[in-house]
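Enquirer: Model the full assembly from the supplied sequences, consistent with the hints where possible.
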Amino acid sequence: MFRKVLIANRGEIAVRVIRTLREMAISSVAVFSDPDRTSLHVRMADEAAHIGPGPSAESYLRVDRILDAARRHGADAIHPGYGFLSEDADFAGACESAGITFIGPSAASIRAMGSKTAARRTAIAAGAPVIPGTDHAVTLDTLRAFADAHGYPVLLKAVAGGGGKGMRRVDRAADLESALRDASSEADRAFRSPDIYVERLLERSRHIEIQLLGDRHGNMVHLGERECSIQRRHQKVIEECPSPLIALHPEMRQEMGQAAIRAARAAGYYNAGTVEFLVDSDRRFYFLEMNTRLQVEHPVTELVTGLDLVRLQIEIADGARLPFTQDQIAWRGAAIECRIYAEDPYNNFLPYPGKITRLTRPLGPGIRLDGCVYDGWTVPMEYDPLLAKLAVWADTRDHATTRMIRALREYDVGGIHTNLGFFRQILEDPEFRAANLHTGFIDEFFQRRRPPEPPPDLATVAALAAALHTATHKPPAATAALETGSRWQTSGRDGLLR
Amino acid sequence: MFRKVLIANRGEIAVRVIRTLREMAISSVAVFSDPDRTSLHVRMADEAAHIGPGPSAESYLRVDRILDAARRHGADAIHPGYGFLSEDADFAGACESAGITFIGPSAASIRAMGSKTAARRTAIAAGAPVIPGTDHAVTLDTLRAFADAHGYPVLLKAVAGGGGKGMRRVDRAADLESALRDASSEADRAFRSPDIYVERLLERSRHIEIQLLGDRHGNMVHLGERECSIQRRHQKVIEECPSPLIALHPEMRQEMGQAAIRAARAAGYYNAGTVEFLVDSDRRFYFLEMNTRLQVEHPVTELVTGLDLVRLQIEIADGARLPFTQDQIAWRGAAIECRIYAEDPYNNFLPYPGKITRLTRPLGPGIRLDGCVYDGWTVPMEYDPLLAKLAVWADTRDHATTRMIRALREYDVGGIHTNLGFFRQILEDPEFRAANLHTGFIDEFFQRRRPPEPPPDLATVAALAAALHTATHKPPAATAALETGSRWQTSGRDGLLR
Amino acid sequence: MKLALTIDGREDTIEILSRPGGHSPACRFQLGDTPAREANVETPEPGVYSVLLDGRSYDAFVEDTPTGMVVTIEGYRFEIEARDPRRWSRKTSGAGADTVQSILSPMPGKVVRVLVAAGDPVVPGQGIVVVEAMKMQNELKSNRTGLVLTVPAKEGATVTAGELLATLE
Amino acid sequence: MKLALTIDGREDTIEILSRPGGHSPACRFQLGDTPAREANVETPEPGVYSVLLDGRSYDAFVEDTPTGMVVTIEGYRFEIEARDPRRWSRKTSGAGADTVQSILSPMPGKVVRVLVAAGDPVVPGQGIVVVEAMKMQNELKSNRTGLVLTVPAKEGATVTAGELLATLE
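Residue numbers (this note's numbering), protein chains in the order written: chain A, 4 to 501; chain B, 4 to 501; chain C, 68 to 236; chain D, 68 to 236.
Hints listed in this document are in silico derivations from the structure and should not be mistaken for laboratory results. Treat the hints loosely; a few may be bogus.
Unchecked claim - Keeping only pairs whose Cα atoms sit at most 30 angstroms apart, straight-line, the calculated DSS-like set for lysine-lysine is:
hint, chain 1, residue 1, chain 2, residue 2
1, D, LYS221, B, LYS358
2, A, LYS168, C, LYS221
3, C, LYS208, A, LYS168
4, B, LYS358, D, LYS208
5, C, LYS177, C, LYS202
6, D, LYS202, B, LYS358
7, C, LYS177, C, LYS221
8, A, LYS358, B, LYS358
9, C, LYS69, A, LYS168
10, C, LYS202, A, LYS358
11, C, LYS208, C, LYS177
12, A, LYS168, A, LYS358
13, A, LYS358, C, LYS221
14, D, LYS177, D, LYS208
15, B, LYS168, D, LYS221
16, D, LYS208, D, LYS221
17, B, LYS358, B, LYS168
18, C, LYS208, C, LYS221
19, A, LYS358, C, LYS177
20, D, LYS177, D, LYS202
21, D, LYS177, D, LYS221
22, C, LYS221, C, LYS202
23, C, LYS202, A, LYS168
24, B, LYS358, D, LYS177
25, B, LYS168, D, LYS177
26, C, LYS208, A, LYS358
27, D, LYS202, B, LYS168
To be verified - Cβ-to-Cβ under 10 angstroms is the rule here; a few derived chain A residues that face chain B:
hint, residue
28, MET4
29, ALA28
30, VAL133
31, ILE359
32, ARG364
33, ARG371
34, GLY374
35, ALA391
36, TRP396
37, ALA397
38, HIS402
39, THR405
40, ARG406
Even glycine gets a Cβ: it sits at the ideal position worked out from N, Cα and C.
Expert: The structure is reproduced here in structure tokens:
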């Protein structure tokens with residue numbers, strides 16, 4: 004087994020990997036940019052290497068500096084996390100050339116699945132159903148021909164990447180040209196490739212993905228599905244396992260699982276990976292893309308299957324055989340995950356980095372929290388706004404939902420804005436409770452939602468707390484009031500009020 | 004279903020019950036004594052009632068005040084937690100007389116099992132094996148006769164209660180008289196009853212208990228066992244599920260489970276309860292006692308069975324039938340719990356209440372934390388030193404152990420002393436890892452253990468941190484050194500050093 | 068002590084008739100001209116107020132913001148401004164409020180591009196400044212035809228939420 | 068700055084040759100007469116020192132105690148006393164140390180019984196004061212035949228760990 008593993012990442016996923024490494028008695032090496040010197044992954048790791056200034060292009064995306072750090076610290080292997088270099092075939096190749104194990108699939112598999120159109124071709128060849136679309140980058144002419152043939156709406160997508168970048172919905176022919184131009188330029192900025200392809204847009208479809216795990220000896224199993232239909236700006240914000248749709252139609256798990264395994268096998272895949280599908284309202288599923296890495300939302304699969312995917316990734320990278328067969332995988336209960344972001348849901352979800360001045364976390368039965376924050380940490384403005392992933396497990400989806408609402412109420416983060424309150428509104432929404440999920444859910448939710456009505460007396464207590472706080476902390480606006488009022492009896496209380 | 008439930012308890016168990024009540028959309032009413040006004044259960048509950056000053060006899064043990072609070076707040080039911088009034092048959096009866104449901108067994112069942120000698124007789128009548136002992140309180144003469152007949156060592160125990168109070172091991176005839184006097188006076192102080200009975204002491208035996216759950220319609224199942232052999236001063240400190248012994252001999256689970264059900268049925272038992280057994284080195288098991296309430300260590304059973312025992316308790320009290328049969332209970336993986344106490348392991352485990360000045364909790368996969376502490380809370384000196392229960396789950400006992408060690412390393416509590424470091428030493432002990440558990444484990448551990456050897460450079464870093472801390476915080480002892488040294492460049496750092 | 072309050076945009080007053088402190092956590096207060104009430108208030112953590120009112124228990128988290136306070140209770144959030152009722156309302160922000168457009172940063176971040184200079188003519192929708200945080204760029208636009216008055220924003224500078232980036236007339 | 072240290076009872080010295088601060092977290096130091104070393108030190112939270120030394124990362128939690136500091140790293144605990152090496156050692160606690168037994172409270176708690184008064188004769192093993200915390204009573208005993216000198220402990224009083232309860236001679 005490896006003696007030391009470098010994590011080529013930051014934030015919650017670096018912390019997540021460090022935890023499993025520690026449980027396996029493997030030393031961990033964190034890497035960090037200037038603004039991450041006091042980030043939790045650096046504090047928690049056994050070793051730490053500085054790899055450059057804030058911009059990712061000068062640190063977390065620098066293959067040379069990361070490999071140099073790995074050599075200097077004597078790491079046997081590198082875990083790439085998600086994002087950054089995790090789906091960069093050249094990085095995977097460079098690791099292997101340097102004699103350092105890349106904890107993930109082969110560079111060749113990443114190449115076969117990294118281009119979205121190449122992945123489509125691989126999936127088609129493996130017999131997986133795909134959404135009608137083009138298997139190569141489009142020009143304006145081929146785009147127009149496709150849209151005329153298949154009808155609107157259509158969805159433009161970047162050939163080179165995901166995460167919503169370079170994605171555009173087009174509802175009519177008049178918008179095609181400008182949408183292609185915008186998408187192409189956004190894709191160029193995000194992935195250094197302007198190539199765009201097109202698919203028919205399936206309205207009110209569900210995003211359901213299959214977690215795969217394969218060893219280097221040709222064995223592969225699926226670990227069931229995750230439903231990630233709750234998305235904002237084409238990015239997942241709530242994920243669950245099992246999918247409520249598949250819980251009603253359990254035969255779909257095996258069908259989609261087998262389709263995913265066929266597509267991955269066609270790419271010679273091993274280690275952990277995920278095949279994403281769209282499922283239409285007639286429960287037909289279509290291959291969307293494959294992510295050749297661990298996913299953000301892997302904890303819901305871990306909670307329901309009882310497996311530690313990071314441990315399995317490491318063992319597989321070390322050459323181990325899968326320790327189970329398909330029929331030994333069991334799913335128990337239901338898990339839901341919310342992605343807690345530093346953003347302001349009351350101001351168009353704009354990012355809101357800054358210093359965390361107060362932090363209370365949910366605890367107790369069925370709670371799992373993977374995060375990278377601590378009280379006093381300044382959330383840097385250079386990176387993703389993901390602060391933590393709050394996941395819950397319970398015996399049923401309904402119990403998991405009420406548990407998540409309970410947990411969100413216990414969770415308090417001061418000093419910055421977060422989307423905690425937004426999640427509570429979604430989880431209390433009758434459509435969510437009824438599991439009527441689809442990728443347009445949040446847009447419709449914004450149209451039907453009523454502002455939440457606080458219970459009586461909450462405004463009274465808020466006013467009282469604000470008045471007492473003003474009297475004690477004397478911000479400028481209230482100074483005059485204090486000067487004319489009599490002084491508080493502060494004896495015995497000052498100590499509590501730093 | 005109940006609309007509102009009062010929790011006649013404090014600390015972590017009150018918080019635990021509030022969490023499930025909130026998930027069930029039932030209002031919670033906390034009760035509190037003077038020193039508990041800012042305790043977490045009061046802050047978290049929907050409603051709160053003051054019931055008296057610090058001493059338990061004037062607050063948490065006052066049936067009249069608790070029932071009065073329940074009536075004033077309109078509670079439909081009372082959850083007693085563990086300890087305090089939870090095994091007080093008169094309290095259970097008084098609740099029912101007041102028209103308030105007692106979330107637990109009937110007063111009659113508590114009476115049948117509350118006296119340890121009555122419980123022995125019930126168990127014998129139900130055919131459960133018991134340790135050779137007396138079925139009634141002893142005098143010095145009957146004690147001496149028993150010891151002469153069965154041989155030493157013997158164990159004196161209080162008829163009226165558990166938790167190690169009134170318990171004395173006696174190794175020779177010469178010590179009998181003083182041991183009986185001491186035990187009797189301790190029992191009188193703890194339970195207001197001086198009665199003592201005696202059992203043969205089984206050396207190197209294991210403490211293994213069976214969790215039961217029965218409804219008010221005559222259905223009863225067992226939820227498997229917990230092993231609680233790691234004890235200090237006859238009190239459990241580490242608990243696991245499954246028992247490593249039973250994991251090797253799975254037929255014992257059904258045998259002990261059926262014996263426990265027979266004993267409980269003989270007492271007309273319903274709701275949650277636990278039958279404790281001792282298991283000797285030949286794997287023979289003996290009925291010890293029954294606890295007619297939820298137990299401290301119930302989370303390990305919840306983690307392995309996937310059930311929420313508090314939810315089930317409430318549903319059963321409301322008249323529901325058990326939602327499963329015995330063959331639907333499944334056990335998955337392994338869970339371990341450590342009881343985190345405010346005590347000083349470096350000073351004979353004396354209690355160490357005080358203000359918590361710093362708090363970092365373990366998070367991530369497989370961690371469950373049930374606690375009642377927060378940063379800035381002053382742990383009161385009036386009550387139990389239990390701060391939190393740290394439980395972990397993993398697929399195997401070995402993985403759960405390394406996970407617990409990882410979690411203990413992440414856990415930091417400042418301002419008071421805790422036994423966190425002590426747990427780490429036990430979990431790293433080869434005998435613990437080999438599952439060679441018995442109730443004398445900790446005594447033997449203290450004899451064989453070596454002081455832990457910190458990794459190289461830890462003392463260097465400690466010295467450096469202490470020097471920098473001294474320079475910044477200037478405690479009296481170091482003032483002179485600072486005055487002669489040059490000043491720090493503190494700009495940009497002061498803000499971090501409140 | 069009496070304070071004028073703006074709670075989520077609604078005006079009210081609160082008078083603290085007797086304050087918690089020393090040995091007694093009792094606090095009498097009067098909201099507007101409703102009857103006086105009594106609460107039991109403790110401060111378990113800085114900025115956290117544990118309030119018992121009519122038998123109910125509330126944990127209120129108070130945070131100072133540039134314009135007032137945000138109070139969070141049970142996950143509900145209230146924006147509150149408190150001031151001496153005898154002082155002039157802070158709402159009166161002076162002359163010129165209608166004739167000048169202030170471009171404020173909508174989030175903490177970094178100024179990545181300044182697209183105009185003082186004296187430049189602008190048209191509605193024209194980009195003025197681009198602020199970036201956490202990989203998201205935000206282009207702030209003119210809402211009028213007019214002239215750029217001032218541009219305090221500097222490329223590469225770090226700004227807080229609500230910080231003035233430019234003024235247009 | 069040079070300090071004399073007692074680390075878990077072992078004597079050493081440390082000299083801070085250059086201090087972290089301002090823009091640089093670099094810290095040069097010398098332990099005893101070993102070669103000087105350089106560490107990178109930040110203070111992410113009050114009392115917490117994040118130290119990078121020779122590529123390794125350490126989180127040191129420092130806590131002030133009545134007699135010095137407790138430093139916890141990776142769950143290991145060090146008791147450290149720091150003082151100016153030019154001052155007299157604090158170990159010299161003055162005359163009479165051998166002839167007087169000080170009864171100190173072993174834990175924070177409450178004095179529940181005082182069993183002697185000043186001037187009382189005592190014998191070895193005789194109970195002097197009973198302190199209680201968290202339902203555990205602790206009887207503190209004489210280790211000698213002698214007389215009670217002083218009894219600062221009062222029944223019902225709250226005491227801290229290490230507080231003087233009585234002296235015997």
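Enquirer: Determine for every hint whether it applies to the structure shown.
Expert: Going down the list of hints, with the structure as the test:
1. At roughly 23 angstroms between alpha-carbon atoms, D:LYS221 and B:LYS358 fall within 30 angstroms of each other, so this suggested pair holds.
2. Between A:LYS168 and C:LYS221 the alpha-carbon distance is near 28 angstroms, which keeps this suggested pair within the 30 angstroms criterion.
3. Only pairs whose Cα atoms come within 30 angstroms are accepted, and C:LYS208 paired with A:LYS168 is accepted, the gap being roughly 22 angstroms.
4. A distance of roughly 28 angstroms separates the Cα atoms of B:LYS358 and D:LYS208; the hinted pair therefore holds under the 30 angstroms criterion.
5. A C-alpha spacing of about 11 angstroms is found between C:LYS177 and C:LYS202, which places the hinted pair at or below 30 angstroms, so the restraint holds.
6. With a C-alpha separation of about 18 angstroms, the suggested pair D:LYS202 and B:LYS358 falls inside the 30 angstroms cut-off, and the hint holds.
7. Between the alpha carbons of C:LYS177 and C:LYS221 the distance comes to roughly 9 angstroms, so the proposed pair stays at or under 30 angstroms and holds.
8. Between the alpha carbons of A:LYS358 and B:LYS358 the distance comes to roughly 25 angstroms, so the proposed pair stays at or under 30 angstroms and holds.
9. Of the supplied pair hints, the one linking C:LYS69 and A:LYS168 is violated, its CA atoms being roughly 53 angstroms apart against a limit of 30 angstroms.
10. Restraint check: the Cα-Cα separation between C:LYS202 and A:LYS358 comes to about 18 angstroms, which is no more than 30 angstroms; the hinted pair holds.
11. Proximity of C:LYS208 to C:LYS177 is assessed by CA-CA distance (about 17 angstroms); at most 30 angstroms being required, the pair is judged to hold.
12. Restraint check for A:LYS168 and A:LYS358: satisfied, since their Cα atoms lie roughly 28 angstroms apart, inside the 30 angstroms limit.
13. For the given pair, A:LYS358 sits about 23 angstroms from C:LYS221 by alpha-carbon distance, which is consistent with the 30 angstroms threshold.
14. Note on D:LYS177 and D:LYS208: the hinted pairing holds, with a Cα-Cα distance of about 17 angstroms set against a maximum of 30 angstroms.
15. For the proposed pair B:LYS168 and D:LYS221, the alpha carbon gap of about 28 angstroms is at most 30 angstroms, so the pair holds.
16. Restraint check: the Cα-Cα separation between D:LYS208 and D:LYS221 comes to about 16 angstroms, which is no more than 30 angstroms; the hinted pair holds.
17. A C-alpha spacing of about 28 angstroms is found between B:LYS358 and B:LYS168, which places the hinted pair at or below 30 angstroms, so the restraint holds.
18. For the hint pairing C:LYS208 with C:LYS221, the CA-to-CA distance comes to about 16 angstroms; that is within 30 angstroms, so the pair holds.
19. Under the criterion of a C-alpha separation no larger than 30 angstroms, the hint pairing A:LYS358 with C:LYS177 is consistent with the structure, at around 16 angstroms.
20. With a C-alpha separation of about 11 angstroms, the suggested pairing of D:LYS177 with D:LYS202 holds against the 30 angstroms cut-off.
21. With a C-alpha separation of about 9 angstroms, the suggested pair D:LYS177 and D:LYS221 falls inside the 30 angstroms cut-off, and the hint holds.
22. Our distance criterion of 30 angstroms between C-alpha atoms is met by C:LYS221 and C:LYS202, whose separation comes to about 19 angstroms.
23. Proposed proximity of C:LYS202 and A:LYS168 is supported: the alpha carbons are some 11 angstroms apart, at most 30 angstroms.
24. A threshold of 30 angstroms between alpha carbons decides the hint, and for B:LYS358 with D:LYS177 the separation of about 16 angstroms falls inside it, so the pair holds.
25. For the hint pairing B:LYS168 with D:LYS177, the CA-to-CA distance comes to about 21 angstroms; that is within 30 angstroms, so the pair holds.
26. For the suggested pair C:LYS208 and A:LYS358, the alpha carbons sit about 28 angstroms apart, so the restraint of at most 30 angstroms is met.
27. Distance hint between D:LYS202 and B:LYS168 is fulfilled; the C-alpha atoms sit about 11 angstroms from each other, no more than 30 angstroms.
28. With 10 angstroms as the threshold, the beta carbon of A:MET4 stays out of range of chain B, its nearest partner Cβ sitting at about 13 angstroms, so the hint is violated.
29. Given hint, A:ALA28 at the interface with chain B, holds; its Cβ is 7 angstroms from that chain's nearest Cβ, closer than 10 angstroms.
30. Restraint check, A:VAL133 versus chain B: the minimum CB separation of about 34 angstroms is more than 10 angstroms; hint violated.
31. Hint status for A:ILE359 relative to chain B: violated, with the closest Cβ pair at about 13 angstroms, above 10 angstroms.
32. The beta carbon of A:ARG364 is positioned within 10 angstroms of a beta carbon in chain B (closest approach about 7 angstroms), and the interface hint is therefore held.
33. Because the beta carbon of A:ARG371 sits about 7 angstroms from the nearest beta carbon in chain B, less than 10 angstroms, this interface hint is met.
34. Interface hint status for A:GLY374: upheld, as the beta-carbon distance to the closest one in chain B is roughly 6 angstroms, under 10 angstroms.
35. Hint status for A:ALA391 relative to chain B: holds, with the closest Cβ pair at about 9 angstroms, below 10 angstroms.
36. At its closest, the beta carbon of A:TRP396 sits 8 angstroms from a beta carbon of chain B; the interface hint therefore holds under the 10 angstroms criterion.
37. A cut of 10 angstroms between beta carbons decides the hint on A:ALA397: the least distance to chain B is about 7 angstroms, and the hint holds.
38. Proximity of A:HIS402 to chain B holds as hinted, the smallest CB-CB distance being about 7 angstroms (cut-off 10 angstroms).
39. The restraint placing A:THR405 at the interface with chain B holds, with a minimum CB-CB distance near 4 angstroms, inside the 10 angstroms limit.
40. Against a cut-off of 10 angstroms between C-beta atoms, the interface hint on A:ARG406 holds, since the closest Cβ of chain B lies about 5 angstroms away.
Against the hints set out earlier in the document, violations occur for numbers 9, 28, 30 and 31.
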